Amino acid sequence: MDTPAVDTTAHARETPEASQPYLELGLAEDEYARIREILGRRPTDAELAMYSVMWSEHCSYKSSKRHLAYFGKTTTDEMRAKMLAGIGENAGVVDVGDGWAVTFKVESHNHPSYVEPYQGAATGVGGIVRDILAMGARPLAVADPLRFGPADAPDTRRVLPGVVAGIAGYGNCLGLPNVGGEVVFDESYAGNPLVNALCVGAMRKEDLHLAHASGTGNKIILFGARTGLDGIGGVSVLASDTFSGDETTGGRKKLPSVQVGDPFTEKVLIECCLELFGKRLVVGIQDLGGAGLSCATSELAAAGDGGMRVELDRVPLRAKGMTPAEILSSESQERMCAVVRPSDVDDFMKVCAKWDVIATEIGEVTDGDHLVITWHGETVVDVPPRTVAHQGPVYDRPYARPVTQDAVQADTPDSLPRPSTPDELRDTLLRLVSSPNLASKEWVTQQYDRYVRGNTVLAQPSDSGVIRIDESTGRGVAVSTDCNSRYVFLDPYRGTQLALAEAYRNVATSGAMPLAVTNCLNFGSPKDPGVMWQFERAVHGLADGCAQLGIPVTGGNVSFYNQTGDTAILPTPVVGVLGVIDDVRRSIPTGIGAEAGETLLLLGETRAEFGGSAWAQVVHSHLGGLPPEVDLERERLLAEILVAGSRDGMISAAHDVSEGGLAQTLVEMALIGQCGARILLDPDADPFVQLFSESAGRVVVAVPRSEELRFTEMCTARGLPWRKAGVVDPESGSLEIQGVADFDLGELRQAWEGALPALFEA
Amino acid sequence: MTARIGVITFPGTLDDVDAARAVRYSGAEPVDLWHADADLKGVDAVIVPGGFSYGDYLRCGAIARFAPVMTPVLEAAGKGMPVLGICNGFQILCEAGLLPGALVRNDKLHFVCRDQWLRVENNTTAWTTRYDAGAEILIPLKSGEGGYMADQPTLDTLEGEGRVVVRYVGGNPNGSRNDIAGICSPNGRVVGLMPHPEHAIDALTGPSDDGLGMFYSALDALTAAIAS
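Taken in sequence, the protein lines are chains C and Y. Just add 48 to the spot in the first sequence (first one is 1) and you have this note's numbering. Just add 359 to the spot in the second sequence (first one is 1) and you have this note's numbering.
Because the hints were derived from the structure by calculation, they are not lab data. Only a predicted model underlies this, so the values are computations on that prediction, with no experimental measurement involved. Keep in mind that a hint or two might mislead.
[Claimed, not checked] Taking lysine-lysine and the BS3-like style, the derived pairs with C-alpha atoms no more than 27 Å apart in a straight line are: (1) Y/Lys-400 x C/Lys-327; (2) C/Lys-267 x C/Lys-398; (3) C/Lys-327 x C/Lys-267; (4) C/Lys-267 x C/Lys-130; (5) C/Lys-253 x C/Lys-368; (6) Y/Lys-400 x C/Lys-402; (7) C/Lys-253 x C/Lys-267; (8) C/Lys-327 x C/Lys-402; (9) Y/Lys-400 x C/Lys-398.
Chain C extracted, bound-state conformation (with noise of 0.2 Å):
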């Protein structure tokens, strides 16, 4: 037999001043001493394996793990309330009525999807949704927060229809609609675009799995596709440091550090874990995603209330000569872990046989404390499994404010030459539409699946998606993702609460109550002081608005080292909101027009605020100033008057207000409801200011005329200002804001779509 020689816990013990590749591993000096105190020898090659995916950056938070502590601080009880899973499981739980609850996540893959755009994106869809699938859940829908380098670079037509190819072949062929995300260009990420990922999925309340190995003599079962040598050392080297260039490593080659994905496998292991959780077969589920089955053990084991004994040679392999050390840091995708009662073993296998997935018991739970693995029966692996999932490093990064962040707040907008004749306002208001950023993504979002499984109620270009969870009832969530990276670079605390009213306002203007919160945290590097600031000035900002709103944080993400050399990325805190929605058929669309005599009514106030405006980038490629303001009472006023609307029938389109101001807010909401308007501007104030100002806390909403004045009365007696935008004209065939510009719907058509097929299309 050619079982390669493998370092036992006996030969560390033997022989203890080897030399080890920690520092190849990632793994600092004092980490390696660390390990070698909880041990009392030197790791073996398979443990210090372990360690090392484990405590990396993207495994173990530890420089951010110090501040998210924070959004514990800031949870009420009351926020807590509706929560049924929090922070540290797989993915946040809510309960959203009538014995239904939801969870949903976003993860980030950019750095894979910089290095391989197809694959690196389409693993991110298939780990998002094992993270759903592991709390017991059906995934139900995708959506993808994306930004990449600006839309004419060369090396933007490389990567973004590589990521969007890898989102769409792996999400269509696992049969998940795409209902939202967005698309956002910026010099910035030239060298580290950003490939986030979140699902939603919907469970009974009383199907809810955690993720934990209990009662002694339960089997550990590893089912899905095999282990291969891919993706091994991903969280490690890719995820969490910045890129160095050269990649060798001594000895044998290894495949690419990014994993290669296979949705087909994926489906059948949705369909093959939903009928195991039917039947309850499971006491306990773990995917397997960034740090493989070092992540799936020991997580099991820590989470649990015994030990766990594992033998390694077991798993299923699809190379020749794996060592336990690949095996135990392989991100092969596809792959489950769950823990079984020995008397349900059998019927587990029947299951999986039934869907053609491989399934091998490895192992069992013990009464030990230790978690063991072994390898043709010598012990490769012997240690306390919380060392490993829960105990690693925390640091406590410096940070400061950068000493250029009051140059850039200074710098404001001010001084910038404004459009003022209807002629410049015009052809503003056209190259706004056009430009990429606010352009149609329909060359993006048409390459996913919406449709499959039939419950979609809205998807892009709305506000949120909106998805029906159970058909007899019409209950149904939405979704919704948000990040303005140019606020956040203005005013990190700020922004970051600029991105949270906005998902916030986004569900509540498809109709849907804001209940829980989740995020992808992009940051540059963690060593970086003026990045940490950043970081912490955001976790504190999007807490605080949390608790102000509240809505609890459920979990999220983090993703570091997002930097070239020393230029880190506009710091992107990308907020999600989940909403419920007790009836779907009430949600909102976004297109006017639907029913014959609209209103158009402006919820809100406009100040003049263009600091980190589109207008300021695109016309004058401007950075600076402050952003607008944010006053998370009103946005909480706001969503309940969308809410009570939709309740009682009186709102029949609304679209929110944001980047590119109100101008792109028409122009949206009539070419999507392919209808005309007449627009009248307030004669008292600046045409510029109210077209394209983007002060936050503004919806505009159409309201057939029998509703108006009860709809305006309400707004009124709440304290909601409100002023009529105009009035939907079907017969026009065009925009006309009275003053300024006729724009045909055609014009506008070409501009909005036409620019991201300009750019893109072969």
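Guided by the hints, dock chain Y onto chain C, whose structure is given.
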């Protein structure tokens, strides 16, 4: 007793729940059929739904046609049972030889998901009698390999015999020859199309309810058969 319409699930099938829902909306009873069972459970008609059967490995539909369930489907189709293949189901029916031609990669090489206008060219098949001839209907199209290809004599035959059932209007989305979106067998009992009528059964979740007509049509055909 209402008609029973089978919906096949292969590993990788995605739109089976949607097809079953459409059957239910039409008033018929959906019956789950499993790829590994050579058993049609006595159904009156069969739908081969969309998805990526067997991951579309090798070639779309190329593996699914060998599934045990396909043997009785071919037999029943030979005896005139109504069969509808949607998207991947259409590809499978072509691979199985129930329908001529093949589906190839879209001409722009991207997956396309969009609301697509179709013209009903033949309203005499088992699945289209509820439509007026020439009616235009709005149905989602979502596929990466939806380009219909056949050699010229086959196309001539299909056109000559009126076997093009639905045709794309308002622009060809995928490079299909003659703008063909769907075709039928010589007796009009087997229909295959790339767009998804089961996703257009309710304006809440689809662009229209124009797709319901296909399921009502089948129900009419089956009810008439039972009555006679």
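For each hint, the structure was consulted:
With a C-alpha separation of about 24 Å, the suggested pair Y/Lys-400 and C/Lys-327 falls inside the 27 Å cut-off, and the hint holds. Between C/Lys-267 and C/Lys-398, the direct Cα distance comes to roughly 15 Å. Compliance with the 27 Å bound is thereby established for this hinted pair. Among the hinted pairs, C/Lys-327 with C/Lys-267 is consistent with the structure: their alpha-carbon atoms are about 17 Å apart, no more than 27 Å. For the proposed pair C/Lys-267 and C/Lys-130, the alpha carbon gap of about 33 Å is over 27 Å, so the pair is violated.
Taking the CA atoms of C/Lys-253 and C/Lys-368, the gap is near 43 Å; set against the 27 Å cutoff, the hint is violated. A distance of roughly 19 Å separates the Cα atoms of Y/Lys-400 and C/Lys-402; the hinted pair therefore holds under the 27 Å criterion. Among the hinted pairs, C/Lys-253 with C/Lys-267 is consistent with the structure: their alpha-carbon atoms are about 25 Å apart, no more than 27 Å. Of the pairs offered as hints, the one joining C/Lys-327 and C/Lys-402 holds, with about 14 Å between alpha carbons and a cut-off of 27 Å not exceeded.
For the proposed pair Y/Lys-400 and C/Lys-398, the alpha carbon gap of about 23 Å is at most 27 Å, so the pair holds.
Violated hints for the displayed structure, listed by number in ascending order: 4, 5.
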